[in-house]
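> Read top to bottom, the protein sequences are chains A and B. Counting with this note's numbering, you get residues 506 to 847 for the letters of the first sequence. Counting with this note's numbering, you get residues 33 to 600 for the letters of the second sequence.
What the hints contain is simulated information worked out from the structure, not anything from laboratory work. Yeah, the Cβ is synthetic: ideal placement off N, Cα and C, and Gly gets one too. Check the hints yourself; a few may be wrong.
Once the Cα atoms are required to be at most 20 Å apart in a straight line, the calculated SDA-like pairs of lysine to any residue come out as [what the hints assert, rightly or not]:
(1) K725/A / R275/B
(2) K460/B / Q503/B
(3) K725/A / T635/A
(4) K725/A / A638/A
(5) K718/A / A785/A
(6) K571/A / L679/A
(7) K725/A / V487/B
(8) K725/A / K460/B
(9) K427/B / H385/B
Going by beta-carbon spacing under 8 Å, a handful of chain A positions derived as facing chain B [unchecked claim]:
(10) P551
(11) R580
(12) Q744
Covered, in the sense of this in silico footprint (three residues per stretch, anywhere, with C-beta under 8 Å from a C-beta of chain A), are these stretches of chain B [said to hold, decoys possible]:
(13) 53-60
(14) 158-165
(15) 230-236
(16) 473-483
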Amino acid sequence: MTVWAIGKSVVVRIALAVMALHLACAGTALNAETPLPSAGAWDSEPIVPIPLSTDLDAGQVALGEKLFHDPRLSRNNAFSCATCHRLNQGGGDGVSRPPTLTGGLHLRNTPTVFNVALNSRFHWDGGFRTLEAEAEAAIHDPAIMNSDWADVLPKLQADADYVSTFNTAYPGGLTRANVLHALASFQRSLNTPNSRFDQYLRGDADALSDDEKQGYDLFKAFGCAACHQGVNVGGNMFQRFGIFRNQNRPHEDEDAGRFSVTGAERDRQVFRVPSLRNVAVTAPYYHDGRVQSLETAVDLMATRQLGRPLYPEEIELIVQFLHTLTGEYQGQLLALPDEDGS
Amino acid sequence: MGIPWRRLLVVTGLLLLLTFLLLQSRSPDVGLRERIYETLHVFEVHDAELNRDVLLARAGLLPHYDSLSEATDGLYGALHGLESWNETASEEFSAAIGGHVTDLSRAVREKETLLEYFKADNALLRNSLTYFLHTGHLLSTQTVVNNRAVAAAIGTLSNAMLRFVRTPQRAVSNEIRTALNQMTGANLLQHDLHILVLHGHLIVDVLPEVDDLLRQLLAAPTTTRVRALRDASLQYYGQMEARAQTYRILLYLVAVVLLAYLVYLFNRLRANARDLGRANTRLRREIDERTRLEEKAREQELQLIQANKMTALGTLVAGVAHEINNPNNLTMMNARVLAEAWGDAQYILENYHDENGEFLIGGLPYAEMRETVPALIRDMHVGAQRIERIVNSLKDFARPRQQAVQATLQVNEAVQRALNLLRHRIAKTIDFQVELAEGLPPLQGDMQQIEQVVVNLITNALEALPEEGGQVTVSTRYNQDDHDIEIDVRDTGIGIPQQNVERLCDPFFTTKQEQGGTGLGLAITYTLVRDHGGNLVFESTPGEGTRARVTLPCPAESPVPAPQALQV
């Protein structure tokens, strides 16, 4: 109660300041109207449903899709983006760490490409702010595409179909910037709206079973929602991996995480909080894919991150809730391929 | 030629200067300035949103962090706009604004780093607080049964934690730490109690950090940097505007100079034109004068030629007249003798005719020749007489000049004598007017010759008149301008065709061949007038009449009279 009391008085002051600000700039048309978050904040949910549609250029998205599946983006024409980000594999590759071009294994697990545009940062270490920068880095990365524009652009330009499609979709035609934009456009189209949980958030109380609703309540009450929040249920902040360490298992040899990007000591073993959208179909889990089952992942998270061991029943309820986060792509609920299928 | 070139150079130079100043006096790119201000405004709004949401998040009133990401994206979007303009703008602009853009960029990145720390720590704090409050309450109720001391300790701890959360003070945090350490030391029986202690430590550690991050976020220099950037931009555009203003003033001054120079040139041009006009008028007057003098000279030359012609003719005629006169006298005399001889011979011839009948004489029958011969002889006589008259006239025309008597004479008297001579020829039906001026100065000359001049002119005038009526006027007057006397003889006769007027005074020119005119009358008249140093001029309009004007110069010493017309 005390916290709220402080918060409310602060909120009142801020509200006044914001009102003054809005009055001051009443004459200016700002594109993004940003209303004050609901005053009844204690009633509002930490998770927001994914918009049901996007206003993307269909031609650019189609072009991006073609590029996304085109191995000519890699130097030896062996890898496309879809090699690791398989749309029928939950947007990932289903392995802990994918093999690199040079024969080794990548440092980290392949994050799903679904709902990728809803993240505020990209890669586990948050090294990229925009999808375009991420794509360009992937093309140049020796471990991923191992290519460059001098290699990629001539190959694309030799394809008359690409040239004409680019000329239709972009005033500038086939250029580096437009290739990147097309790729990003396609990725922006990879949202998976209309999950059962989103339906519940939109007011359909019957979309979830009682167990799933109970799991959601635990998800909030145990503090999972402190980090896994927002439209993407994560993906918009960083957190240190392993708050409550097992003193018997030091992790000196572990991945330095965001430290490799910022060089700040505080960022050691800090990773982007991953999105939990479609988490049921995006195993294995964690930045290095060390965990195969969702139950184990929830259990470890509760212990390491929340400092709170859970009862198996609680884990079960939360996992049930997490399954309701699986959304639809092109009207189809995401699912893993059958065991006998590839 | 050098001077116009120099003026042209001056004007061209001034015009080039004007163009340069015009280009320099343009206001700086207002569109870019507006875009910058709008972008800065957008930036500030997003920054304010960010600060607001950070406070809400700290207060536990922000359900998720998406709005913080959106605000950060907004900051980066505005920053990206500023950076791209800075790259494409002029060097001056970059020098003035670039440093501030870099500062702002750094401030944004620093603030974002702080924000990420804040988000992470705030999540931990909220989680631990939730757990602590929940489990603390649970443990205090559960342990009451087992361990009263532990329950009391948890109660104290919860109380201290509440105070700490309300106002995080170092004393309270120390109090909590002590309590937590006591619990750790008290051989933790329950696993839950251990976790409670962990979370308690976390709260005490992280809460001040979160608040510190919050303070740092709110004090982040983005606002200062934006203000500095706006001030720099204002100053830059102010300087640009001031410079443009200076150039505008220079532009005005140069324009005034150019105008003044043009006015000066225009005035000079007008003065030159005025001088030119004046010179032109003077030249035209001189040309007119020269033309007039040339005409006069030509006239005099013509008169000289005429006079020479007359003299030559006179000399020729004098010789010819003499040569003709002698054979003619012979013819006349012989004709008379022949007539007498024929008279005497006729009796004899009659008788012979009567006796012998018809015979031929000179190839013709006598009966016919009897009548014809006297007529032949008479014709011969008349012809000779005519030759004699012409020769006499020629003699008059060619009379040696020295024979003229030089005496003082009055023109009016000469006119009167001429009128007396002609009285019988002037018909009663004619309106004959005489207007003689009084007090005319006397002339030097031959009275008879002047008289003859007047007679000849009046005779001509009378002959020009029609059968009935008509008017002839004779007048004299003194011309003061040329100091001479004019004798006018005007008639209202048939007039003379223009082509004949010039030849009137030529010898043997006559239009009255049928009436027995010799064509010598006016030639002689002209010669006489010329002998007196005067001139004879005819003016005529065919069908209306003719005016003959004799001008006779007065001697230089003769008195100048007052001109008066007298009707006679």
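> Indicate, hint by hint, whether the structure satisfies it.
Here is how each hint holds up against the structure:
no., hint, result
1, K725/A / R275/B, "violated (63 Å)"
2, K460/B / Q503/B, "holds (11 Å)"
3, K725/A / T635/A, "violated (30 Å)"
4, K725/A / A638/A, "violated (34 Å)"
5, K718/A / A785/A, "holds (17 Å)"
6, K571/A / L679/A, "holds (14 Å)"
7, K725/A / V487/B, "violated (160 Å)"
8, K725/A / K460/B, "violated (162 Å)"
9, K427/B / H385/B, "violated (48 Å)"
10, P551, "holds (5 Å)"
11, R580, "violated (31 Å)"
12, Q744, "holds (5 Å)"
13, 53-60, "violated (count 0)"
14, 158-165, "holds (count 6)"
15, 230-236, "holds (count 3)"
16, 473-483, "violated (count 0)"
Going through the hint list in order, the structure does not satisfy hints 1, 3, 4, 7, 8, 9, 11, 13 and 16.
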